[in-house]
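Take these sequences, add in the hints, and give me the full structure.
Respectively, the protein sequence lines represent chains E and L. Using the numbering used here, read the first sequence as starting at 1 and increasing by one per residue. Using the numbering used here, read the second sequence as starting at 1001 and increasing by one per residue.
Think of the hints as simulated: they come from the structure by calculation, not from any bench. Note that the structure is predicted; figures quoted are calculated from it, not measured. Each residue gets a CB set at the ideal place from its N, CA and C atoms; glycine is no exception. Just to be clear, a hint being listed does not mean it is correct.
As the list claims (entries may be wrong) - Calculated from the model, a selection of chain E residues having no Cβ within reach of chain L, i.e. all distances over 10 Å:
| hint | residue |
| --- | --- |
| 1 | H44 |
| 2 | Q184 |
| 3 | K217 |
Said to hold, decoys possible - Below, a list of computed lysine-lysine pairs in the DSSO-like style, where the Cα atoms sit at most 30 Å apart:
| hint | chain 1 | residue 1 | chain 2 | residue 2 |
| --- | --- | --- | --- | --- |
| 4 | L | K1060 | L | K1180 |
| 5 | E | K161 | L | K1073 |
| 6 | L | K1180 | E | K155 |
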Amino acid sequence: MNEMRPIMAKVGIIPNADGSAMFSFGKTVAIAAVYGPRQLHPQHMQDPATGILRVNYDLLSFSVSDRKRPGPSRRSNEISKMIEWALIPVLNLKDFPNTVIDVQIYIPQADASTRVAGINAASMALAHAGIPMKDLVCSVSVGKLDKELVVDVDKEEEDFKEGEGATDFPLAKVAHGDEFTLLQLDGKIQPELISKALAMASDACDEIYEVQKKALKGSVGE
Amino acid sequence: MDTSNLSKEFLSKLFSDGKRFDSRGLLDLAHVEISFDVSSKAEGSARVKLGKTEVIAGIKLSPGDPYPDSLDKGNLTVSGDLLPLASPRFELGPPGFDGIEGPRLIDRMIRESGMISLDKLVIKKGGKVWNVFIDVYPINDDGSLIDASAIACVAALKQAMLPELNDDLRIDYDKEAKEKLPLSNQLPLSFTFFKLGKNIILHPTREEEEACEGKVTFGISKWNGQYMIHSGQKGMASPFSAEEIGNIAKILPEKYEELCKKVNKFIK
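This is how it looks when you write it as structure tokens:
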């Protein structure tokens, strides 16, 4: 129950980007590209006090069973903003005034937990772009099926209907700190189970961190 | 728009002493007032005052096609817009993130709590189902918009009546509605905890809210005799520690009971 699907991670998948990465949980695949820090246009959005992080997350149209209509949706808007807030705490945006760091995340194949796969990919892509970071961000979703907590929810689990039904509880944290940078929740979960779920996510994040680190180290050689 | 460092520091110090401008404690709820019948054309509507914040919500129902993945259920859509009517901070135009954040959280809270018996909203088996549209708008923004909006949506649902249909399944507004929208006994409510430094506050005013660096919203109800969290979302850039989230989860049930009491005074 605290076992994740097989994880794969790779960096440098998009040569045009300043940094890029792929991260997968089983059949869920996320790809991310980082462009910047670069000058922010339109100019009136520039902030002389700090750089800004701009995240765009979306599912590709063929990534899900019923074709997803291309273009932004309320869902993708919300998730993009959540991911922005999940990544900002590890960046020193104040070092890059007037600029933007653009992070593009797309999901070519979805089997639930897409936003957390996206965060893992984006965090690696930022590091691959050489942007100074305090730490990596690691992310996983904890699920609750009826009364049981599990990590790394897949689509079949997400659609579980018996008993107390399915709860999806995506989380992200700073790899080496007790700092949760993303928390969303959808379902039915007793308040007293929240701390246990956070601890499970924390353990899973330790494993994810090792995979991210290995992929990043591999990209620079010995 | 941004809070000055000066007022941020001042509020931070005030919170550390457990004090607030309006003499409430950090986790004290704001005063709640609910009234109904904002619009006689809506199937149900409510106006909520939470402190100085005021919001209105209305329910419209219409026959429609079910979603392919839920043929035997009605549809729920929660939307809203931050009207420039309510604050000098809001601007006309398609809703941005701030405008969709609340409605999406309230949608998840109401849907997952099972407050609306969506399975009883099938008009014709294999055919039409009821669309439930909840729209919520701020009238005066003084902080805590999501929590106030959630109360308004739930209160409006409690009043909602199913309109009468003609033989061709069109609504006949000339006929008097006799049947209530089928609801369960759940009363889901939303709580957004705001964080400034190490201090966590509930029901902030606009000034307090803008000084804060992090927030987390939870939607909770009592389901089969136990408290259940249905929706959650952390917002803003400041992270939360496991202990902070654990503590919030711990006080949620008591805050829920407290607000329930206030809300139930107005809802029959």
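To see whether the hints hold, each was checked on the structure:
Every beta carbon of chain L lies more than 10 Å from that of H44 (chain E), the smallest distance being close to 14 Å; the non-interface claim holds. Not every Cβ of chain L is farther than 10 Å from the Cβ of Q184 (chain E); the closest lies at roughly 5 Å, contradicting the non-interface assignment. Non-interface status of K217 (chain E) relative to chain L is upheld: no Cβ of that chain comes within 10 Å, the nearest being about 26 Å off. A threshold of 30 Å between alpha carbons decides the hint, and for K1060 (chain L) with K1180 (chain L) the separation of about 13 Å falls inside it, so the pair holds.
A C-alpha spacing of about 14 Å is found between K161 (chain E) and K1073 (chain L), which places the hinted pair at or below 30 Å, so the restraint holds. Restraint check for K1180 (chain L) and K155 (chain E): the C-alpha separation of about 35 Å exceeds 30 Å, so the hint is violated.
The structure fails hints 2 and 6 (numbered hints given earlier, in ascending order).
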